[in-house]
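Hey, can you piece these two chains together into the complex? The hints should help.
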Amino acid sequence: MIGASLTVRLSATIVGIVIAAAILTVTLNYLKFRSLLENHSAGIYQFVVSDLRSTVEAGIDLGVPLNVLTNIQTVIDRRNAQDKTILRIAVFNQSGRIIFDTDRSRIGEAIPPAWRPAHAVSEGWRFSRGEEWIAGAPIVNNFQKEIGGIVLRYDPDVVGRKTTSILVAMTSEAVLVNGIGSLLAILGVWLLVRRTRRALADSVRAIADAAAPGSRDANAADERAAPAERTDELAPVAQRVFARLSRGERLLERTGLRRQ
Amino acid sequence: MTTRNQRGKLRIEETFTFSLLTFALIVLIANAVVTSRLAHNLYEREITPEFNREAEVVGRTVAAQFARAIELGIRPEDLVGVEEFLAPTLVAQKRFDYLLFADATGKVLFGKGRNTVLYTEAVNQGTISLAGPAALALGEKRETPRVRVFDLGRVMNTAVPIVVQGEVQGWLNVGVDRSGIADLAVETRWDILIILLVSLLTAVEILAFLTGRSIMTPVRLIRVMSEKLAQGDWSRRAAIAMRDEAGHHLIALNAIIDQVNGQWRRLRWKADELARVNPALAARARRVVDAVGRDLKFAPETAQLERPGPIPAIARAPLFVYAFAEQLSASFIPLFAKTLQAPDWGLSIGVLIGLPISVFFAVVAASAPLGGILVNRLGTRWIIMLGSVPAIIGYVMAAQTTTIPDFLLWRCVTAIGYALIAIACWGYLASLPNPDRRTGEISVFIPAAMAGAVCGTAIGAMLADRIGYRATYLVSAGLVVVAAFLVWRYMEPKIAAAGRSSALRSTLGVLRNPRVAAIVIFGAMPAKIVLTGLLLYIVPLFLSELGAGQPVIGRIMMIYGLAVLLAVHFGARLSDRFGTAASQITWAGILTGLGTVALGVMQPVAALIVALVIMGLCQGIASAPMRSLAAPLFERDAAEKAPATLSGVIAQAEFVGAALGPVIAAILVSAFGYSHAIIALGGLSVATAVVFLLIEGLLKGPAANLGNRQIP
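If you read the protein sequences in the order shown, they are chains A and B.
Here our numbering is used: position 123 in the first sequence is 123, and no number is missing along the way.
Each position in the second sequence, counted from 1, maps to that position plus 1000 in our numbering.
Next up, chain B with everything else stripped away, as it sits in the complex (with noise of 0.2 Å):
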């Protein structure tokens, strides 16, 4: 297929993807809008009666109180601290604005709380009216007095009489902030709209799968095919995994290959066959039969199958949901180790509950190597499912501990099937056609690793509030099985990273070049020394400090890798088309760094905010020129496996960062406060991409011979 059907093959792609989000989107939209108007009716419908009855029965209360001292000959107008016997209450019911005791005409007499003006308009106004009827007529009937509830807009005022020997007396009038049902409607809208943003980014996953699987995959292999065909190649019949509408046009394709190899097996019987009936003719029919097959292969006897290479899209969803498991604690291991019991380790309690992010992020480094050389043993689809059972094992005995060293214990086991996870996918994409490599690197691992870590925070964030720590963790072990079925399925079985299996070699040769061990050392490494420090460990803890619910948490650090997303793309296209990756590598550090200065000068959570959007995009910026910066600087021969372990390396320096940062971060945040300890991180983000700077600017002149070493 040529250029009209490359570019046929693009469209369709394109076309497919982006049609089909189409549609997913206008369906999730319309359920988004529709559902969070009904939550909003379901608020005004049920919750609010709620508040009233608390405000009900809080009344009732607080005017048996009154009750009592009108009935021992106290006059309502003669009660004496009543603003002080109120004032505990108000403390105790947030939700309430105002206590106000007003007499049998509803006149103030005493009033606690904010607002207590807009019930006196009302009264002014007549929108409250409590006096009762000033005589009885012949034969009627007193009622009982019934509370009474009076909307006045941004406040729900409960009237509860206070009745004393049948008589009203007074009534006690409890004003119910309305804006706190506008807050949970608030709340829900944007639980929503995560959803929403949750299910698109897994609809664009599934769907980049399906497209890859169902279009991609046999629309290249028809390609190939026909290449083939057209050059003369009829040796091969192609293997057809669907019978849809592609798959037919492959059992087609097969069928006239068969048929074309079955005539020229009928010829060259022909020809032997002329041949044995007459020898002296068997020159000439061999002629015929060279020349009927000249420029042309047939298949001997069975034709062997021809079938589609790997294609990035088969890593993605498995990856995506990888992330998605392990991303849905992100927001709350160290609150969730806080309830824990706590070991005498002689550690101070937030070291101890960083430490289960440093530990993990410890034994994925460590592991690392020991999955490259599984990887290359038994190939990529294995790797992932064996790492999915020490994943599996550790999510759920970590839904089940109770301290923090069984906590650590478990996160280690998970650790350890993430790094092989985590290798057997790099693997898989270095196992891709070369073209394919960087293609795969920038445009599969990490928006795939990126989209499912914004949809596991976010989302574990709501499920946590939910449903709690430990269960979100049985989730993540649930997501991991879905993820392992669908490698299972789909993933091929022998595809294995060439040039893995000396990965303590190769790392050691990579980082005997100082450009790349400034790249690693300077660039990598501090940029997760400050994510995990501020995203995973501090966070959480300051936001949770500050006052902020599970999910207004996992709502803000979602920011980052959305960030990231957004950047990671024009990071790459940047540094490819005019070539700055060391200035992008070096301006994200220091602006990574000022970023968090707007700790000191804004409100803490806005300034949060400013910090995480600045470092993601800084970070998006700089992951493809770290690789890319450091990729030329190997000698020719080794370019073939210098993205696989050149990736390898700088992976494993970021793990290390990773394990490095929440203990930092703990360390600074007992010394100085979560503020300053912020703004120390956003220091030592500027320090080394100043000394990343130096020592590029230094070294990029003999950098061309220093470049060339090899790597083992």
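Chain A extracted, bound-state conformation (with noise of 0.2 Å):
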């Protein structure tokens, strides 16, 4: 058996359907805000990449071989001081290989293989893992053979700590509204069960009384009275039986003290 009161297990669906609402409208908008700005973020470092692809192979359209294109270190550099949510940016070759880099100490290192995609994919890639958030172009020569790629690796907490912004402004009005709301509901609840409990417990005072040891010897005649047609007219008919039956059992003590 459930013990909750009719206001109560009312109370708590409205406020839960409630709650499930603001819960998946704060987690939906959340989500696309998130997704809208980490596209919309990647888009603009994917911009820089190519914009530095196109800087690399107008070097090597003049013939240059990639490796010796040695301003590129300096283009790299100077792109990584402008925007300081640029973590790194390296230029690899064919093999893999890594021939500059914003972090110096890592040239002449294998790229991460999580830092290129398992198929070639000529306009560029990008991609969040964990804590990599990548965008990266090939470098193609005059013969369309690509010959190496630029990777860019940029700051997570950019897009991180805008969305966790976000998601506690609504949060906390989603909070205050449904907070007021649910209570303002509660209150609807309670004052419309209100009345029904009343007459609920109206009846049931009438039939616990039609139970009471006074109210069970009324008089027979109450017998013949009309059929009960409501709860709470039940009380009558109770009383009825009860009056029957309490007739009988005096009929038959006097039957045995009669004979006695």
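Calculated directly from the structure, the hints in this document are not laboratory data.
Worth double-checking, as some hints may not be accurate.
[What the hints assert, rightly or not] BS3-like cross-link-like pairs, simulated, lysine-lysine; straight-line CA separation at most 25 Å:
| id | chain 1 | residue 1 | chain 2 | residue 2 |
| --- | --- | --- | --- | --- |
| 1 | B | K1297 | B | K1338 |
| 2 | B | K1297 | B | K1228 |
| 3 | A | K32 | B | K1338 |
| 4 | A | K84 | A | K162 |
| 5 | A | K162 | A | K32 |
| 6 | B | K1112 | B | K1094 |
| 7 | B | K1094 | A | K162 |
| 8 | A | K32 | B | K1094 |
[Stated by the list, open to error] A short, non-exhaustive set of chain A residues, derived as facing chain B with CB atoms under 7 Å:
| id | residue |
| --- | --- |
| 9 | V18 |
| 10 | Q94 |
| 11 | S95 |
| 12 | I98 |
| 13 | I166 |
| 14 | A185 |
| 15 | A208 |
| 16 | D209 |
| 17 | R244 |
| 18 | E249 |
| 19 | T255 |
Each residue gets a CB set at the ideal place from its N, CA and C atoms; glycine is no exception.
In structure tokens:
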């Protein structure tokens, strides 16, 4: 058996639905904001990578091999310095070995496999895996042959900070609105249920009164009353039955006494 | 409880549900309004600077190229091919309205894009002032030129200085279209509106379930108990499920029943004692006992429990949640299949991506008879819970799949679960007392399933857009767990539908009647062929090809369900009052077909909406008449079984039609393209409706005889 009253159960349902709706709204909006900001940021860095790629390819078009294009180091350093959200820019050759890098200690190392797509993508790539937020593009020579690539790693906190502040703003407003709304709903349910509660309580009291010893011995004439038509009219029905039973008992007692 | 209390009961249920929904609605609307306003503010606050940052980054890159040219000694006004140079950037950056190269004072030298006039007007009006101080005062330091942003209403203008040797030689102005932000805000408002609608429909379903369980069931029990007591039956106690206000009332009733029975037992004991002490008084004592017990019934030793019977509302919430779960993926099944590795089966990709829908319904149709047998043996509750297992496995595995054959396999597994659940729900409704059956079907099964479909389609599309197709399948699995819990917790364990053990025999028997066969073959089946072919297959693919995002696809698909919900009661009432069932089925088919003609005269998205609204209204109007037209065709003694059997047969025909729909649509699309395929499906609807009309006209006369054939 469940003990909660009707008011509690109905209020809990409405509040539950309201909270679920608020959670759904906030979550979906948050996800939308996040995906929008992530795509937007990625688009910006993709543009930066494309621009760097054009610069590198312009040099290659002049016939200079990739590893000899020493001005690339200056170009990527300058680009890195211009935007503090860019954490690192690296240029790698066909075999995946880094030949220019804003983190000079990495030159000569192999590019992390996770930074390159499994399949060649001519227009560039972008992805985020944990803390690795990457935008990249292949470097293609005059013969449309891929001879290396550029990767740019950017700060995920750029998006993270914004989305967190958005989530906090949305959640706090939702809590406020839904808190007030839920309180009003509970009050409304209480007012709505009050009459029914009272009617049921009156009915219960009437039935209990009918079962009280005094009422049970009510006049037997009540027996002839019309049949009960309502729950709260069950009391007279019960009284009639009690009266009949009591009369029967009295008859039996009298019969026994008379014989004695 | 009598008229007054019956009225009271209705008042309680209706007033409660209506008032509770009003409270919920007020809070939900307040939530929607505030969230919508907040989202708009957040876009302005957080996204606008991001757009400006993009303008700045791109502007700096382009400006650097101009700076290099100027460093080489070319005067800005002498640069050639600037527009051609700017064009690719404008194409790549879709949010940019224009790129303008202005001199140091802000005067436009070269430009490309829309709304460049806004910039010129702003310069003329002084809103944009890029000219720096002509000369520095003594000791004054020249500031590093900074990027400057101007709000021009429809456009945000970001002016990036072109600096050569510390001097500003010009400005590269990037105009960012602000309507992009407005579009996002509009899109968000739509999302919020959809969530509001879904919340309301969910609230309706849950409150209907709750009022059914917490108010209707105890009130019904109070009524039954009161009637029994008024008729003198004091032999049964009420089974109490909850200790709320109604529960306390029942406890009070039980207390008085116990007292009455106690006093009765005492009376009998006294009579027995009297007879034992003085056997001469036995007859007299018995007469007293008989007189007291005349017209009254008491419990011999322990009173049996009176339980409330099944009510339609109990099946409603789980059914809603199951439909919600299944329809989460409705807006993207062919789109998801398109992303999977296709097998080399010699079928076109169009047919392959429609197969998951077809196979699903084919398996549902094939599993339904088994479901009927199982429901009869194990009862509805266990079958619904049993059906939840393959449904959950199917959804979870569909989320992991990488190839179309695997996807087909897991959709088959889900379909088995879905079939068991659907048949068990029908079984539950068929087990209701006679007057509640049809009400249950029209007021519970179809509305709950369609409300679930509306909510699932819309929210599923939004979820797919945010968390992806695969994760959305996992959400479906989670919802099935919730529904299974509701069934386990609240559904009576031993309810089974009568007369469903020989489902196949019943089906064949029903179809032997030519008028019923006409309803099934030319009414129910074509309706589902058009529905799944158009709604589940063509609409997602066509809209996606037109560039619509997943949420838009979901919103448009949802319209169908809403239209059905609006029309289904109206159709049932119309048919009941005027006996127009056959006309409704015919006109529904014809109008559904005519609705598709919109594709020939309107812009595709608007035309699809028109076609879906008409199809939804028509199918809603024809849904109840299909069953009500066929029901009287059975012999009277079979009428008891008819609703369940007939609904099962029509549902099975609908599943077969649903299975054929995507394949037919895929073939039509590959032959004629989307628009003409839709019109062709409409043609099929018109043609079958006309055939149905002819058969109905021919058979209506002799129908009285034909119709009286016995159903097995």
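Here is what the structure says about each hint:
1. B/K1297 to B/K1338: The given pair, whose Cα atoms are some 70 Å apart, is violated under the 25 Å limit.
2. B/K1297 to B/K1228: Since the Cα atoms of B/K1297 and B/K1228 sit roughly 10 Å apart, the hinted pair holds (cutoff 25 Å).
3. A/K32 to B/K1338: 24 Å, holds
4. A/K84 to A/K162: 16 Å, holds
5. A/K162 to A/K32: 13 Å, holds
6. B/K1112 to B/K1094: 13 Å, holds
7. B/K1094 to A/K162: Within the cut-off at roughly 23 Å; holds.
8. A/K32 to B/K1094: 19 Å, holds
9. V18: A/V18 check passes; min Cβ-Cβ to chain B is 5 Å, inside 7 Å.
10. Q94: Hint on A/Q94: violated, closest Cβ of chain B at ~26 Å, above 7 Å.
11. S95: Since chain B brings no Cβ nearer than about 29 Å to A/S95, farther than 7 Å, the hint is violated.
12. I98: Since the shortest Cβ distance to chain B is 23 Å, the answer is violated.
13. I166: Status holds, d = 6 Å.
14. A185: Holds: closest Cβ of chain B sits about 4 Å from A/A185, inside 7 Å.
15. A208: Constraint on A/A208 satisfied, holds at 6 Å.
16. D209: Violated: closest Cβ of chain B sits about 10 Å from A/D209, beyond 7 Å.
17. R244: 5 Å, holds
18. E249: 5 Å, holds
19. T255: At 6 Å from the nearest chain B Cβ, A/T255 passes the 7 Å test, so the hint holds.
This entry does not satisfy hints 1, 10, 11, 12, 16, going by the numbered hints stated previously.
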